[in-house]
Amino acid sequence: MLEGLNAIQLRENIRSGKIQSRQAAEYALKRIEKLNPSIGAYLNVFADKAMEQARAIDAKVAAGKPVGLLAGVPIAVKDNICYTEGTTTCGSKILANFRPPYNAHVVEKLLAADAVILGKTNLDEFAMGSSTENSGLQKTVNPWDKSRVPGGSSGGSAAAMAAGLCFAALGSDTGGSIRQPASFCGIVGLKPTYGRVSRYGLVAYGSSLDQIGPLTTCVEDAAMMLQVIAGHDQRDSTSVDNQTAPVTDYLSQVEKPIDGLKIAIVPELIDKAEASVRNAVRAALELYKKLGATLVEVQMPHFDYSIAAYYVIATAEASSNLARYDGCHYGYRSPNAHDYIEVYSKSRAEGFGAEVKRRIMLGTFALSSGYYDAYYLKALKVRNLIRRDFTNAFAKADCLMMPVAPSTAFKFGEKMDDPLQMYLADVYTLAVNLAGVPGISIPCGFDDKKLPIGLQIIGPAFSEDKLLRIGRMFESKTNYHRQKPTLQE
Amino acid sequence: MSQNINRQQVEKVAHLSRLDLTEQELELFSGQLSAIVEYIQKLNELKTDDVEPLAHCLPIHNVFRQDTVRPSLNVEKALENAPDRVDDFFKVPQILEESGA
Chain V
1 MLEGLNAIQL
11 RENIRSGKIQ
21 SRQAAEYALK
31 RIEKLNPSIG
41 AYLNVFADKA
51 MEQARAIDAK
61 VAAGKPVGLL
71 AGVPIAVKDN
81 ICYTEGTTTC
91 GSKILANFRP
101 PYNAHVVEKL
111 LAADAVILGK
121 TNLDEFAMGS
131 STENSGLQKT
141 VNPWDKSRVP
151 GGSSGGSAAA
161 MAAGLCFAAL
171 GSDTGGSIRQ
181 PASFCGIVGL
191 KPTYGRVSRY
201 GLVAYGSSLD
211 QIGPLTTCVE
221 DAAMMLQVIA
231 GHDQRDSTSV
241 DNQTAPVTDY
251 LSQVEKPIDG
261 LKIAIVPELI
271 DKAEASVRNA
281 VRAALELYKK
291 LGATLVEVQM
301 PHFDYSIAAY
311 YVIATAEASS
321 NLARYDGCHY
331 GYRSPNAHDY
341 IEVYSKSRAE
351 GFGAEVKRRI
361 MLGTFALSSG
371 YYDAYYLKAL
381 KVRNLIRRDF
391 TNAFAKADCL
401 MMPVAPSTAF
411 KFGEKMDDPL
421 QMYLADVYTL
431 AVNLAGVPGI
441 SIPCGFDDKK
451 LPIGLQIIGP
461 AFSEDKLLRI
471 GRMFESKTNY
481 HRQKPTLQE
Chain W
1001 MSQNINRQQV
1011 EKVAHLSRLD
1021 LTEQELELFS
1031 GQLSAIVEYI
1041 QKLNELKTDD
1051 VEPLAHCLPI
1061 HNVFRQDTVR
1071 PSLNVEKALE
1081 NAPDRVDDFF
1091 KVPQILEESG
1101 A
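Line order of the protein sequences matches chains V and W. 104 is the number that this note's numbering gives to position 104 of the first sequence; each next residue is one higher, with no gaps. Each number in this note's numbering corresponds to the 1-based position in the second sequence with 1000 added.
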């Protein structure tokens, strides 16, 4: 009865009393018990708490009381988002025992919407990575092929969705960390506009880039999740108020196609992806044409510089943000430290993994005396040029379409020895964060190994309503999002 | 490969980052960071003399709120995750030398 339902269908069934919230929670918890040991999506599962939440929602429904937008929907949350239940580890040894004293804004919003929080999902340590291989705590596999990565950094949330271990999930996206794992796992992933969702309680990585967003089975569910989490919060001064950019009704509009849709494309960018990916993206564009859309070829001469700019800006911000892990206030303290400098330097050296150390070092270098102008300031100027490319493209079209990643999910270990190769695979996603605009990944095909391919749709700032509608136009005519991996214990 | 960051610079950056790296890590990171920095030099292909730096993309600038007293974390909660504490304080190793005066 629960198999194959999306989050909205489940909610409707719970609201009408056909399915009880605790049946949904039990169903998800049983699947987790059976499948999580081999997939490794969850770091922590809160079975008792989830059942308690589910029973409270059933009581509300039984009493005829109003229930929220997510009534009884079992949800997974990436483990860099603070929740007072259990630990929030960021996939790092340095925070392995950290218990947040408060809930993130988005967690408050989920609970206020009557969601059931099942547990916390694995990630690349501090969200730094594109494969979840950088988790200091656990390995997560791609449910479509267990010898391959789920993508990252929200790999746990994406794998949980693809394996049916939750009905919706939250992730965070600093340079593609929602869209790329969504693409690798054959689900929908939305990175909202910078400022659309409060980051209060999201452990900071690159503060001018980080944004929380949903991973779901379909566009409609993404609209519902965004509806719940979007909006102003005065505890995050970068969250935008309703006057500047109102939160519109994403959900009720999502089925409405865009008349006279104009899609910008950069043909050279599409050509850069491997054959299976570029063919799937081109086929998707053909379908949009059949639906009445016009393709507009545009130039984005600075797009190619986004990898270099991103890995300066993001690491500079990370080096500053991660200075807080000092072995004194919270987190791991080395037992081998003899003086206060060693409390810092040994706790950090023993607590952080290799990729986090590399990024802190790179960022510290870019900000250090004598190099600041040549690297950091230069990257900020190039960031402006990249944003102009988007502004120019959006002057000619409603949205931009391109691949999410140059390939489908790669094998474990394939890029681990060469960090630069891993960074280069982020070519399609980073510019979106640098420009602060929203992007969505929707399933658009499979390669010959039956690995999912994602189509990336990018829109102007605060155009999520339109972006979701554009995504839904394709989804409503295709079946890619309904395909599920075959799973054995 | 040209050394864009030499071993000495990597040691300096590790010190600035307060990372007590092993000999092996210093060696590994020297090579990897050098390759990454070489790639980043790509930015110099672009002329940016007349371009303003862009630190963030928000349509807002200063954000003010009323200066009113609001509840915040209490001492117990703030200390809950401390690796070490004494009474109501975080406990750390001695920072200042004993003064002879």
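Calculated from the structure, these hints are not laboratory results. In this text, all values refer to a predicted model and were calculated from it rather than measured experimentally. Among the hints, a few may not be true.
Example chain V residues on the side facing chain W (calculated, C-beta under 10 Å, incomplete) [what the hints assert, rightly or not]:
#, residue
1, F98
2, T238
3, L322
Here are the simulated lysine-lysine pairs, DSS-like style, with alpha carbons at most 25 Å apart [as the list claims (entries may be wrong)]:
#, chain 1, residue 1, chain 2, residue 2
4, V, K415, V, K139
5, V, K477, V, K262
6, V, K411, V, K449
7, V, K93, V, K272
8, V, K146, V, K477
9, V, K484, V, K139
10, V, K415, W, K1077
11, V, K272, V, K262
12, W, K1042, V, K93
13, V, K93, W, K1077
14, V, K396, V, K146
15, V, K272, W, K1077
16, V, K30, V, K49
17, V, K34, V, K415
18, V, K49, W, K1012
From the derived model, a few chain V residues whose C-beta atoms are all more than 12 Å from chain W [claimed, not checked]:
#, residue
19, Y27
20, R31
21, P37
22, G64
23, K65
24, R235
25, V247
26, E274
27, R282
28, T294
29, K346
30, F446
31, T486
Cβ atoms here follow ideal geometry from the backbone N, Cα and C, with glycine treated the same way.
Status of the hints after comparison with the structure:
| no. | hint | verdict |
| --- | --- | --- |
| 1 | F98 | holds, 6 Å |
| 2 | T238 | holds, 6 Å |
| 3 | L322 | holds, 9 Å |
| 4 | K415/V with K139/V | holds, 15 Å |
| 5 | K477/V with K262/V | holds, 18 Å |
| 6 | K411/V with K449/V | holds, 12 Å |
| 7 | K93/V with K272/V | violated, 37 Å |
| 8 | K146/V with K477/V | violated, 30 Å |
| 9 | K484/V with K139/V | holds, 21 Å |
| 10 | K415/V with K1077/W | violated, 41 Å |
| 11 | K272/V with K262/V | holds, 22 Å |
| 12 | K1042/W with K93/V | violated, 35 Å |
| 13 | K93/V with K1077/W | holds, 21 Å |
| 14 | K396/V with K146/V | violated, 42 Å |
| 15 | K272/V with K1077/W | violated, 51 Å |
| 16 | K30/V with K49/V | holds, 15 Å |
| 17 | K34/V with K415/V | violated, 30 Å |
| 18 | K49/V with K1012/W | violated, 48 Å |
| 19 | Y27 | holds, 34 Å |
| 20 | R31 | holds, 32 Å |
| 21 | P37 | holds, 29 Å |
| 22 | G64 | holds, 35 Å |
| 23 | K65 | holds, 29 Å |
| 24 | R235 | violated, 10 Å |
| 25 | V247 | holds, 15 Å |
| 26 | E274 | holds, 21 Å |
| 27 | R282 | holds, 28 Å |
| 28 | T294 | holds, 28 Å |
| 29 | K346 | violated, 5 Å |
| 30 | F446 | holds, 32 Å |
| 31 | T486 | holds, 38 Å |
When each numbered hint is compared with the structure, violations occur for hints 7, 8, 10, 12, 14, 15, 17, 18, 24 and 29.
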